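Kindly generate the complete structure, drawing on both the sequences and the hints.
Take the sequence shown: its letters are residues 112 to 329, numbered as in our numbering.
Hints listed in this document are in silico derivations from the structure and should not be mistaken for laboratory results. This one's a predicted model, so the numbers in the text were calculated from it and none came from an experiment. Where is the CB? At the ideal position from N, CA and C, for every residue including glycine.
Computed list of lysine to any residue pairs in SDA-like fashion (alpha-carbon distance at most 25 Å, straight line):
#1 K212 x R306
#2 K246 x S191
#3 K145 x A270
#4 K170 x S158
#5 K145 x G190
#6 K246 x T277
#7 K145 x K170
#8 K166 x T197
#9 K166 x I193
#10 K320 x G272
#11 K138 x V160
#12 K246 x D236
#13 K170 x A113
#14 K138 x Q161
#15 K166 x L146
#16 K170 x R247
#17 K145 x T114
#18 K170 x L214
#19 K212 x R307
#20 K320 x R218
#21 K212 x P303
#22 K212 x D258
#23 K170 x K246
#24 K246 x A189
#25 K320 x G274
#26 K320 x D258
#27 K246 x E308
#28 K166 x S243
#29 K166 x S153
#30 K170 x A149
#31 K246 x G190
#32 K320 x T275
#33 K246 x N269
#34 K145 x T197
Each pair of labels, with its calculated beta carbon distance range:
#35 V133 x E273: 20 to 28 Å
#36 E174 x G274: 33 to 41 Å
#37 P303 x Q134: 17 to 25 Å
#38 E174 x A324: 31 to 39 Å
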Amino acid sequence: MATVFIIGATGGVGRRLGPLLVQSGHKVIGLHRKLEQATNLSEAGISPVQGDIIKMSPKQIAEAARDADVIVFSAGAAGSGIDRTTAIDGDGPIKAIEAAKLLGIVRLYLVSAFPEAYRQKETADSFEHYMSEKKRADAAVAASGLDWIILRPGVLLNAEGEGTATMGPAIMDGSVARGTVARTLLALIEQPSVRREIIELTDGPTPIKEAVASLRQS
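The following block contains the structure:
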């Protein structure tokens with residue numbers, strides 16, 4: 112079983128992923144920003160560690176993740192401004208890479224963004240900046256030398272999903288439940304042979320474990 116450090120443990124994907132990992136027998140350490148968030152994490156069987164990814168250095172992130180052997184980065188600025196987008200979506204994964212190397216952790220999972228997601232609705236400069244920062248983080252992760260996965264979900268829905276999905280290196284754009292993203296991360300963490308892959312993800316007809324197994328065979 113793995114010990115997983117989640118950056119973004121209280122976000123829409125992270126708060127679903129943590130309990131799933133615990134239920135599957137993994138140990139989970141959850142980074143949270145607000146003091147009051149610790150209680151909910153603890154009640155879910157997650158070890159809470161307080162910290163702000165914007166303010167933390169790679170060394171401080173490494174200290175928080177010192178008992179982990181897997182890092183998941185699922186934090187995001189969620190439209191809270193260009194500066195926060197740069198600091199969280201762009202700089203955050205780069206600091207996570209440096210922290211992983213300090214600890215000798217080789218497995219890093221990044222929740223990124225589907226390149227076509229939201230483009231029918233969003234044309235503002237802030238959105239283009241968001242996509243640019245996501246791309247900057249993706250490039251850094253892909254060049255890191257770690258055993259990484261970059262997961263690119265489509266338009267995120269605040270739903271649990273049906274346990275089925277469509278995934279692959281290049282698929283048509285669509286929407287995806289946050290619960291589907293969390294279950295896909297769980298399945299990927301439990302299939303470490305799937306590594307150094309960029310995976311696009313939407314809701315779809317294939318059971319998630321079956322879809323991940325197909326990635327392993329490809």
